[in-house]
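Quick note, the sequence shown lines up with residues 16 to 398 if you use the working numbering.
A couple of the hints might just be wrong.
[Stated by the list, open to error] DSBU-like cross-link-like pairs, simulated, lysine-lysine; straight-line CA separation at most 30 Å:
| # | residue 1 | residue 2 |
| --- | --- | --- |
| 1 | K180 | K228 |
| 2 | K46 | K233 |
| 3 | K328 | K194 |
| 4 | K180 | K328 |
| 5 | K168 | K228 |
| 6 | K368 | K201 |
| 7 | K180 | K194 |
| 8 | K233 | K135 |
| 9 | K328 | K270 |
[Claimed, not checked] Pairwise CB distance ranges, derived in the manner of DEER restraints:
| # | residue 1 | residue 2 | range |
| --- | --- | --- | --- |
| 10 | G246 | D147 | 46 to 54 Å |
| 11 | D299 | E336 | 20 to 28 Å |
| 12 | K46 | A393 | 44 to 52 Å |
| 13 | E277 | N25 | 33 to 41 Å |
| 14 | E296 | P87 | 32 to 40 Å |
| 15 | K84 | E336 | 44 to 52 Å |
| 16 | M36 | A393 | 44 to 52 Å |
To be clear, the hints were calculated from the coordinates, so they are not data collected in a lab.
These numbers come from a predicted model, not from an experiment.
Glycine included, C-beta positions come from ideal geometry on N, C-alpha and C.
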Amino acid sequence: MNFNLPKAFNEFDEARQQGFMNIKELKEQGKHIIGTYCVYTPYEIMIAGGAIPISLCSMSDESIPAAEKHLPRNLCPLIKASYGFAITDTCPYFYFADLIVGETTCDGKKKMFEYMNEVKPVHVMQLPQVSDTEDAFNLWRNEMVRLKERIEKELNVTITDEDLKKAIKSRNEERVALKEFYELSKLCPPPMTGMEMLSVLFGSTFKTDQAEKINSIKEVSKNIMDEYNSGVRKVSEDAPRILITGCPIGGATQKVVKLIEEAGGVVVCYENCTGVKSYEELVDETIEPYDALTKKYLNIPCSCMSPNDGRLKLLDNLVDEYKVDGVIDMILQACHTYNVETFRIKNFVNGEKNIPYMSLETDYSQSDIGQLQTRISAFVEML
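Construct the entire structure; sequences and hints are all you get.
Structural data, given as structure tokens:
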């Protein structure tokens, strides 16, 4: 079967054209593509159904003007970008996706998904807002089964428990490989910069071949350690060690990492969605697969949960393990849940861990670079 490219294909840069061609080729081989936006989305069920799950474009301001024709301007840039890429045919992964899987992590996203559903089929998982009750567990388990049934219907496949167990094993191998990779930054000095770490973490979400993805992560880790053991030092031993927490980081928000490292600091850990938060815990391979998936994904410590004590527990461990000198909390404009949590995180980092903390509110534009540079430089200098 042949698939057409979008009308504006020739106007795209080379990297995006290549993305379109790669996905087009997979589709013409008969592969199914499922687009996702959030780490609460269980890739295992999609892989078990023979589909390729892939993170969708949502980290650039280029599509926001188009989105603002339908969505309010004072909305989180991630929501606007996600929708903008969908309606402009500029994200290769959305363009060729058979199904989009969303989730009710925030009010803005769940309402945006109603509009997105008019462009392409969207399955929205109803995420509980508390993680430690029996009712929450049962609801989320039912949502896992409901997703499995939707995938079976949309793709005309059957997902067996055996398929799911194999997918769980494969995803756990990926988590272990990523964990081994980012834990290299526990070394002092770290063997890579924060920008290098982020490019691997963020880039891995767009890879389509599971085995190739795992092997490439392992290869990167080996090459980094070979360099380090041969005496190569990319980071000064005196560079203040920064942990970034808060909203998803990548794409346009890499500006924060760039400014930290230009000021002489080094980002050694990303607690947020792009980093440690979603990879720390493996899926239990010894229990019933839907119970195992429910337990793992419900334990992700996001600010959409109330209370969100898991975030403090995770930060407590990470600050010690990565010998962190300071914490920067990156908040996207209009992200109310993470913004409200800054008060609690500040008190914890300053009071319990006794290290400096700073929150930064930003968006996908470059207009605040000067202000961010001033604040970040002062923070790093203080360390």
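Status of the hints after comparison with the structure:
1. K180 <-> K228: Answer holds: K180 to K228 is near 19 Å, not above 30 Å.
2. K46 <-> K233: 26 Å, holds
3. K328 <-> K194: 18 Å, holds
4. K180 <-> K328: Status holds; Cα separation ~29 Å.
5. K168 <-> K228: It holds: about 28 Å lies between the C-alpha atoms, which stays within 30 Å.
6. K368 <-> K201: 18 Å, holds
7. K180 <-> K194: At roughly 21 Å apart (the allowed maximum being 30 Å), K194 and K180 satisfy the hint.
8. K233 <-> K135: 35 Å, violated
9. K328 <-> K270: 28 Å, holds
10. G246 <-> D147: 46 to 54 Å: At roughly 48 Å between Cβ atoms, D147 and G246 fall inside 46 to 54 Å, so the hint holds.
11. D299 <-> E336: 20 to 28 Å: 23 Å, holds
12. K46 <-> A393: 44 to 52 Å: 50 Å, holds
13. E277 <-> N25: 33 to 41 Å: Holds, since E277 and N25 (Cβ atoms, about 36 Å apart) stay within the stated range.
14. E296 <-> P87: 32 to 40 Å: Holds: the Cβ-Cβ distance is about 36 Å, inside 32 to 40 Å.
15. K84 <-> E336: 44 to 52 Å: Cβ of K84 to Cβ of E336: about 46 Å, so the range 44 to 52 Å holds.
16. M36 <-> A393: 44 to 52 Å: For A393 against M36, whose Cβ atoms are near 45 Å apart, the range 44 to 52 Å holds.
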